[in-house]
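Novice: Sequence:
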Amino acid sequence: MVKRTSLEKADCPIARSLDSLGDWWSLLIIRDAFLGIRRFSEFQKNIGLAKNILTVRLRALVEHGILATAPASDGSAYQEYVLTPKGRGVFPVLVALRQWSEEFSGEPQGFATLLVDRDKGRPVRKLELRADDGRLLGQGDTALKPNPRASRRRRVPA
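By full-length UniProt numbering, the letter at position 86 of the sequence shown is numbered 86, and the numbering carries on one by one without gaps.
Rather than coming from a laboratory, the hints here were simulated on the basis of the structure.
Think of the CB as a built atom: it goes at the ideal place given N, C-alpha and C, for glycine as much as any other residue.
Among these hints, one or two may not hold up.
[As the list claims (entries may be wrong)] Each pair of labels, with its calculated beta carbon distance range: (1) PRO148 to VAL116: 27 to 35 Å; (2) VAL95 to GLY138: 12 to 20 Å; (3) LEU144 to ALA68: 32 to 40 Å; (4) GLU103 to LEU7: 26 to 34 Å; (5) ARG135 to LYS45: 15 to 23 Å.
Let the sequences and hints guide you as you build the complete structure.
Specialist: The structure is reproduced here in structure tokens:
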């Protein structure tokens, strides 16, 4: 097995995020945690992931502070995996991925589920990037610049 290069110390925040979130299996585990799945066997059954791979992914998500282990809520000897505040912070990322897929998948009828506001039952609006003054921003409206508070000065990627 080839050891993956760690991006933990990368200067790029996107690279660091990918180091914490891992691969698609990890994102599916996090998705399922948002859906209320908490036990190893439930993750394994729902995702269909081999036990050895699931073990590694769960361990990494715990080590990165995205999931935490807790005693089983039913009092059994099992442990459960619960989202931490850092893990709950991944929710907008999953919504953005979902909305991107819905927009560009080419599925004319859409997917089997809709993301809706629980109280109103209405579909969730598409995520938007907005400036401090409320203006809608696109990629051409943004730029990277050096952070004067950063402890290290490195070349800003183009």
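Novice: Determine which of the earlier numbered hints do not hold for this structure and return their numbers in increasing order.
Specialist: Failing hints, ascending: 1 and 5.
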